[in-house]
Amino acid sequence: MRDVAVVGFAQRQTRAFDGSPNCVELLVPILHELWEQTGWTKADIGFWCSGSSDYLAGRSFSFVTAIDALGAVPPISESHVEMDGAWALYEAWLKIQTGEADTALVYGFGKSSASTLRRTLALQLDPYTLTPLWPDTVSIAGLQARLGLERGAWDEKAMAEVVARSRSNAIGNEYAVRRGETSIDDVLAQEMFADPLRRWDCAPVTDGAAAVVIAATDRLPATCRRPAVIVGIAHSTDAADLGLRDLLRSPSAAAAASGAGGTEGVQVAELHAPFSHQELILRRELGLAPDIAINPSGGALAANPMFSAGLIRIGEAARRIWSDEADRTLGHATSGAALQQNLVCVMEASA
Amino acid sequence: MTSTAEAVLHQPLTLEFDYTRSLGPVLSQYLSGLAARQVIGGVLSDGRIAVPPPEYDPLTHAPVTRMQPVADEGSVVTWSWVAEPLPGQPLERPFAFALVLLDGADTPLLHAVDAGEPETMRTGMRVRARWAQERTGSVRDLACFEPAGTAPASGPAEEPPTSAGPSPASVTVGITPVRLAYDYAASPEESVFGRGLREGRILAQSCPVCHKVYVPPRGACPVDGVPTQAPFDVADTGIVTTFCIVNVPFLGQRIKPPYVSAYVLLDGADIAFLHLILGVEASKVRMGMRVRAVWKPEAERSYSMETISHFEPTGEPDADFESYRRHL
Numbered sequence: 001m002r003d004v005a006v007v008g009f010a011q012r013q014t015r016a017f018d019g020s021p022n023c024v025e026l027l028v029p030i031l032h033e034l035w036e037q038t039g040w041t042k043a044d045i046g047f048w049c050s051g052s053s054d055y056l057a058g059r060s061f062s063f064v065t066a067i068d069a070l071g072a073v074p075p076i077s078e079s080h081v082e083m084d085g086a087w088a089l090y091e092a093w094l095k096i097q098t099g100e101a102d103t104a105l106v107y108g109f110g111k112s113s114a115s116t117l118r119r120t121l122a123l124q125l126d127p128y129t130l131t132p133l134w135p136d137t138v139s140i141a142g143l144q145a146r147l148g149l150e151r152g153a154w155d156e157k158a159m160a161e162v163v164a165r166s167r168s169n170a171i172g173n174e175y176a177v178r179r180g181e182t183s184i185d186d187v188l189a190q191e192m193f194a195d196p197l198r199r200w201d202c203a204p205v206t207d208g209a210a211a212v213v214i215a216a217t218d219r220l221p222a223t224c225r226r227p228a229v230i231v232g233i234a235h236s237t238d239a240a241d242l243g244l245r246d247l248l249r250s251p252s253a254a255a256a257a258s259g260a261g262g263t264e265g266v267q268v269a270e271l272h273a274p275f276s277h278q279e280l281i282l283r284r285e286l287g288l289a290p291d292i293a294i295n296p297s298g299g300a301l302a303a304n305p306m307f308s309a310g311l312i313r314i315g316e317a318a319r320r321i322w323s324d325e326a327d328r329t330l331g332h333a334t335s336g337a338a339l340q341q342n343l344v345c346v347m348e349a350s351a
Numbered sequence: 001m002t003s004t005a006e007a008v009l010h011q012p013l014t015l016e017f018d019y020t021r022s023l024g025p026v027l028s029q030y031l032s033g034l035a036a037r038q039v040i041g042g043v044l045s046d047g048r049i050a051v052p053p054p055e056y057d058p059l060t061h062a063p064v065t066r067m068q069p070v071a072d073e074g075s076v077v078t079w080s081w082v083a084e085p086l087p088g089q090p091l092e093r094p095f096a097f098a099l100v101l102l103d104g105a106d107t108p109l110l111h112a113v114d115a116g117e118p119e120t121m122r123t124g125m126r127v128r129a130r131w132a133q134e135r136t137g138s139v140r141d142l143a144c145f146e147p148a149g150t151a152p153a154s155g156p157a158e159e160p161p162t163s164a165g166p167s168p169a170s171v172t173v174g175i176t177p178v179r180l181a182y183d184y185a186a187s188p189e190e191s192v193f194g195r196g197l198r199e200g201r202i203l204a205q206s207c208p209v210c211h212k213v214y215v216p217p218r219g220a221c222p223v224d225g226v227p228t229q230a231p232f233d234v235a236d237t238g239i240v241t242t243f244c245i246v247n248v249p250f251l252g253q254r255i256k257p258p259y260v261s262a263y264v265l266l267d268g269a270d271i272a273f274l275h276l277i278l279g280v281e282a283s284k285v286r287m288g289m290r291v292r293a294v295w296k297p298e299a300e301r302s303y304s305m306e307t308i309s310h311f312e313p314t315g316e317p318d319a320d321f322e323s324y325r326r327h328l
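Going down the list, the sequences are from chains V and D.
Numbering of the first sequence is given in the working numbering, commencing with residue 1 and proceeding in unit increments.
Numbering of the second sequence is given in the working numbering, commencing with residue 1 and proceeding in unit increments.
Derived from the structure by calculation, the hints contain no laboratory data.
Wrong hints could be hidden among the right ones.
Unchecked claim - Take a look, some chain V residues computed to stay more than 12 Å from chain D by CB distance:
(1) Ser79
(2) Lys111
(3) Ala158
(4) Gly262
(5) Gly336
Claimed, not checked - Where chain V lies over chain D, by a calculated footprint (3+ residues, C-beta under 8 Å):
(6) 77 to 88
(7) 220 to 227
Here a beta-carbon is modelled for each residue, glycine too, at the ideal position from N, C-alpha and C.
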């Protein structure tokens, strides 16, 4: 295996972005920031890969128009996934493993506010038996949350603890759209939004984009003092039919963690949990020790831009290594209904 | 579209696309069953009965072939309250989405429960199917569930299904209607361009690095990946680079064929755009032909490209091929 490191990360997140659904206006400054971080130009990038969705954009081929932000002349080697940018990063990592590229720039973007996000996401469900009922993401998460509450897998206080910590941690994150010093009692005092969920239990609708640069360790940018080397990356998925799954568990998250070589020694974990109780499921499935710092950025409850929130978790986790705050960190991304599909990326200060 | 001084232009956009899908043997039996007011489960490799029946076994991945009818009533496993139903959901008044374990089934079914108030809902409560009056072989044939202790909301109970075994697979095709509503926003550059059209002007932007002129303008130069510069006016005259003659009628066609759809390269621009060439016989249109924009009357102008009705020949001599060869 080739050692590959995360060497650049930039992001923009906002509650409602007043601009085009392909987010070119956000991607241009993000890329500019990455050139400053790495000292590179687009000529140094061997492979480009993005994650986005036309359902979110409300137009066809939105990812093609987004390529304007890259400057694709002369032609570039480029690919796209209709998934979170974290999976685009996985494809780029594979591309570097094959030897076809040494470096890659991965980005994700999405304007969630253009439509009713929780309704649009019903299109990711089974088109024969579920989409015609338009089950929204919040309702499905509510089914999962109540199951855990009533079966004793977690309680309201544990969910509120996740919310309070996420909001409080997010104070230091300039891109968080929800933040503020918050206690467990503050959370429990909130009204129900979709019983058993309070609004703060659910990730805020967020627009945004993010990009990450990865490079083989024999092709690092000169500016990179302490690269975040990917020591394990894997993804897995569970059955699509909600009734066939034990919603208190996420076997695919456990399989992804195991495929990534396990989580031992991880000091910081950035988890993509769009609902508070899902962080509780993930902590168990990923086998995270109680003393691990979870979501110092505030996580998805502070900002959850569709198609980049998972990639942002990897970028945030890598950043803790660059800044000497940690030696081993984990970035996680999820996709699908109720933690159906999961990706785990473990990074280390040195290979 | 709505417009304020500097903000980008917005327009409501509704996308509708119905997916027509062939059902295959398993879903065909399931939906045929619902049309006959009967819920059918699939027997899994471990003996469990799953509703809806999956096409492939979740453990062995082998096709599911054995079907087994289950009851149309059961118990709530978990639920969440929908205080503000969204368009297309099973009920227009507040309801619960629930996982319902039907009697005789081993896996729960996701559906709506018409409970009226969240206080009525509880895990373990008994519910029964409320069937749609008109059934077409869709999951919506099972309209929703209702608390089992109440009088049926759909009038007197109908006769139970006549057949005890699985229904014949009469439904073979399913249609999933999709309707999505957006607040579609133009980019800042598209907004400037749209406002220009309304004033009868064509505004372009150029790249500060390669100096290419883009019409319509775009947020970034696709060659250099840098933001384009402040807008300026370009002429509403140009040339036809390449074109096609439309002879085929299609849904929504507004002009009687044959007519010409062409790439028009405006004088001073580096990128051609697609528009109509009218006011000339289709067979007379040529590459390099000089054309001029025909604007709609001021009262009919909008922020849209349709503000230019079409292009028509100016009568000037054709452009030399070498002058536009690089734009083909």
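Structure-based check of each hint:
1. With a closest Cβ-Cβ approach of about 18 Å to chain D, Ser79 (chain V) is found to remain outside the 12 Å limit, as its non-interface label requires.
2. A cut-off of 12 Å between C-beta atoms contradicts the statement that Lys111 (chain V) is not in contact with chain D; the least separation is 8 Å.
3. For Ala158 (chain V), the condition that its CB be more than 12 Å from all CB atoms of chain D holds, with the nearest at approximately 17 Å.
4. No beta-carbon of chain D comes within 12 Å of the beta-carbon of Gly262 (chain V); the shortest separation is about 25 Å.
5. Separation of Gly336 (chain V) from chain D is adequate, the least Cβ-Cβ distance of about 14 Å exceeding the 12 Å criterion.
6. Here the stretch 77 to 88 of chain D counts 10 residues with a CB under 8 Å from a CB of chain V, which clears the bar of 3, and the coverage holds.
7. Evaluation of the coverage hint for the stretch 220 to 227 of chain D: fulfilled, as 8 residues show C-beta separations to chain V shorter than 8 Å, against a requirement of three.
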